[in-house]
Amino acid sequence: MNEEYLARARTKVDDVRLFINGVSKRAAQLAKGWRRLVPSPPNDERSCLDIALLEVAEGRVVITQGDDNDSSDKE
1 MNEEYLARAR TKVDDVRLFI NGVSKRAAQL AKGWRRLVPS PPNDERSCLD IALLEVAEGR
61 VVITQGDDND SSDKE
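As numbered in the working numbering, the sequence shown has no gaps in its residue numbers, which increase by one up to the final residue, 75.
Calculated directly from the structure, the hints in this document are not laboratory data. Keep in mind that this is a model prediction, so the values were computed, not measured. Possibly wrong hints are sitting among the right ones.
Here are the simulated EDC-like pairs of lysine to aspartate or glutamate, each with C-alpha atoms no more than 20 Å apart in a straight line [claimed, not checked]:
1) Lys32 x Glu45
2) Lys25 x Glu58
3) Lys25 x Asp15
4) Lys12 x Asp50
5) Lys32 x Glu3
6) Lys32 x Asp50
My request is simple: use the sequences and hints to build the entire structure.
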């Protein structure tokens, strides 16, 4: 895990549980093949978790309390 991305992303969400759940959910979406919201080179070897943290740090993904109601990830 990239410590810089973690530190930057952590400043965006006050609630630790909400932060962990939101980043984990986004990392799972990326692992399923969802499109990245940050630019990346073709041979990018960053983990899905690192990408999720960077997306939050850059404000491209906003974690809010209501995110648990998102049904787009359910099958």
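Each hint, compared with the structure:
With a C-alpha separation of about 16 Å, the suggested pairing of Lys32 with Glu45 holds against the 20 Å cut-off. About 17 Å separates the Cα atoms of Lys25 and Glu58, which keeps this hinted pair within 20 Å; it holds. About 15 Å separates the Cα atoms of Lys25 and Asp15, which keeps this hinted pair within 20 Å; it holds. A threshold of 20 Å between alpha carbons decides the hint, and for Lys12 with Asp50 the separation of about 15 Å falls inside it, so the pair holds.
Using a Cα cut-off of 20 Å, the hinted pair Lys32 and Glu3 is violated, with the two alpha carbons roughly 24 Å apart. Pair hint Lys32 plus Asp50 holds up; C-alpha atoms about 15 Å apart against a cutoff of 20 Å.
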